[in-house]
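As you go down the protein sequences, you meet chains G, L and Z in turn. Per the working numbering, the very first residue in the first sequence carries number 37; after that it's consecutive. Per the working numbering, the very first residue in the second sequence carries number 27; after that it's consecutive. Per the working numbering, the very first residue in the third sequence carries number 977; after that it's consecutive.
Careful, some of the hints might be misleading.
What the hints assert, rightly or not - Derived lysine-lysine pairs resembling PhoX-like cross-links, with alpha carbons at most 25 Å apart:
1. G:K137 to L:K174
2. G:K395 to L:K174
3. G:K431 to Z:K983
4. Z:K983 to G:K420
5. G:K422 to L:K138
6. L:K84 to G:K381
7. Z:K1103 to G:K422
8. L:K84 to G:K45
9. G:K481 to L:K174
10. G:K395 to Z:K1098
11. G:K519 to G:K381
12. G:K481 to L:K59
Rather than coming from a laboratory, the hints here were simulated on the basis of the structure.
Below are the chains, spelled out letter by letter.
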Amino acid sequence: MWELIRANKRKSLILFISMGICLVLLGYFVGAVFFPPDGGTAGIVIALGVWFFMSLISYFSGDSILLAVSKAQEVSHDVHPQLFNIVEEMKIAANLPVMPKVYIVAEEAPNAFATGIKSEKCAIAVTAGLLSRLNRDELQGVIAHEMSHIVNRDVLFVTFAGILLGSIVLISQVFLRSMWFSSRSSRRYRTSKKVAGGGQAQLIITAVAIALAILAPILTRLLYFSLSRKREYLADATAARLTRYPEGLASALEQISSVSLDLPSANKVTAPMYIVNPLKKKGMQLSNLTSTHPPISERIKILRGMMHGVNYRDYQKSFSKVRGKAPAVIPTSGLLEAKRILIRKPSVEKREREPGKKKGIRDLGDIMRAVNKYAFLICACGLKMKVPPDYKKPKIFCPRCGRENEVPLAELAAVTAAVGAVTVEEGKKKEGPPGAPARQTYVRKGKGWESFSCSCGRLLQISPAFGGSHIICSTCGGITEIKK
Amino acid sequence: MAILILLLAVVVIVVVVLIGFYNSLIRLRNQVKNAWSQIDVQLKRRHDLIPNLVETAKGYMKHERETLENITEARSRAINAGSVGEKGPAESALSGAISRFLVVVENYPDLKANQNFLALQEELTSTENKIGFARQSYNDQVLFYNNKIQMFPSNVVAGMFSFTVEEFFELEDRGERAVPKVDFS
Amino acid sequence: MDCPVCKEPMIVLELDEVEIDHCTSCGGIWLDAGELELLLGDPDSRDRFLSSFETDEVTEERSRRCPICRKRMEKVSAGANGKVRIDRCRNNDGIWLDEGELEEILQMGSLGKDDRVLRLLKEMFAKKRQ
């Protein structure tokens, strides 16, 4: 895998340089047209300037812009423990130095993407629709795919190549429009003197510039898309290797492709980042050259074709079987991998997820509400109450049984998030950092009155109707998390 | 004079290359160590989860005292295991106790409807997975490190500074790997 | 979602995988069309349920705005003998019941054509019947 990163970097560099050459050529000729006779150099400077400026912005705040545009919200372990755990599992499998941040997009269309120019500062975002549709193994496959993009440095490539492409498109658009404008407006007022004075050379340069302005964006776009497609295959291969279970990702892709919902928060620029194309679900197979993602059916077929093992060679073998004589997707260093890696057994979880059915819709709604910081109370009588974050009253009387339920206040909700990852052994006192209140967890034994002691020794009692998630000790201010 | 400068230049280049190889070997060895410590972190996490799990289950499983006591015992044995040689079997025994417990859980639908228990179950599955992935990642790192040590030209540097081949984490007992599969249906 | 009467945020109650929005200030409830579809099984029975109420033209009661589409809702008659007046969204986004209307309906034991809705309400607001 680590050799592959290097091969990947080399390839990106080649592509990057060829796109750069396109930019420089375009800049030169456009400059030569605008400022004859020797504005070519100025044109190059301006073109590189545009590119440099855009790169600078995206290097320093690209991820946050991207996440904000995609309407992704950062979540804690408590909002979706399973998602958090799976990301951590894949972080360990990929030997990533830091834990990526986890984001959820409150949308129904199932999809996922990763950001982060450096692997030390990266994030994985999934939609609520994805979480409500996939089981554990499938979700693991998707997260592994995204983790592969991070480890393979694909995000870096997509960001900078995308910006290079953006600069080229911008410059050609500006140029073509100004040509169109000037040729229309100037014909009436200008004499033909200037054209005659510029001579034939200027005419040729103009022609070349126009041709470049039309061709360069198309050419760079094709280069960009072809590599971005290859990267999807490579990320699939890495995901199969990381999870030791290609069927997980295959079945996840199948689930995702069965839903024909567009993702409203995605656009043409961000589309290549997603695990499947978030736009125009139907037209995918038609325009193979210009699509950023390979056809899903093919990706599934390749993953399912890996019968004997999950190393890169197995993926390439299956790839060749499905695609025929297509060029290799796995760099040669990956193919040298000789060690046989066996497929693991599926995890036993048999949770049926039926989107569209009651349970699926409830799950989806609850995930979205959790992202939007709703509090969930379950009354002792079984009635579930979902309280919006802007709800002001401290107590709710259950309309079913009349019990009083305490609403966890906003600052307590934040504490829950922090405490969620820490479990403290029963009866053992745990002290937080100096100055911070002591924290402990108490697990309820039943539905009656119960008492226990705070870490400072004060006796605390909870009533049968207690529905909150915390008790704050009035003596020491220590927080006891109550679990049912 | 010219020859002296040339010789000096060659020496400098050789030293720089050697330092480069040495540093990359050190980096790889640290990654191997880091991957190993990940396994420890996850084993520790499993030890932390068990008391809560037992406490939650106690109220529901009045007739399964023995199963619960087995887990608690296996846990304390795993915690108190000193040497690496003792640790391996102790952790496998703990995995065995956990899996027996989870089979018994199937007979208690009330327990399986308990939100807190479900949350603990998810944490436990994930921890078992993490232990597995940490081993997997450790073996990947070892493979990469060992390749570097054995292949020319880095093997020369490895020999000079006595970098030794690391061992893979293979499971002598096949049962151990099969056991942590947890049924959460 | 805010209560159409007091504009306070409503809480969501869930029982048997069906949700009802409930205002804890005024005690009113909002039955969402999507939830009615989940409860009744298909869009047809939902539409049948929603159109089973007759529009009540002559009324001085203040009309309220639908919490979903913000348009003014219409007054319709419900209950066994059409005596209870409730609000229905003109786009069929759902129906709104004030606390008093809910109590009357629970006591009368009839809401619309499908008593599955009534059964759920009885179960969810058991305290109000006592």
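Do the hints match the structure? See the list:
no.: 1; hint: G:K137 to L:K174; verdict: violated (33 Å)
no.: 2; hint: G:K395 to L:K174; verdict: violated (52 Å)
no.: 3; hint: G:K431 to Z:K983; verdict: holds (19 Å)
no.: 4; hint: Z:K983 to G:K420; verdict: holds (22 Å)
no.: 5; hint: G:K422 to L:K138; verdict: holds (22 Å)
no.: 6; hint: L:K84 to G:K381; verdict: violated (31 Å)
no.: 7; hint: Z:K1103 to G:K422; verdict: holds (19 Å)
no.: 8; hint: L:K84 to G:K45; verdict: violated (55 Å)
no.: 9; hint: G:K481 to L:K174; verdict: violated (56 Å)
no.: 10; hint: G:K395 to Z:K1098; verdict: holds (22 Å)
no.: 11; hint: G:K519 to G:K381; verdict: violated (33 Å)
no.: 12; hint: G:K481 to L:K59; verdict: violated (42 Å)
Hints 1, 2, 6, 8, 9, 11, 12 from the list above are not met by this structure, while the remaining hints are.
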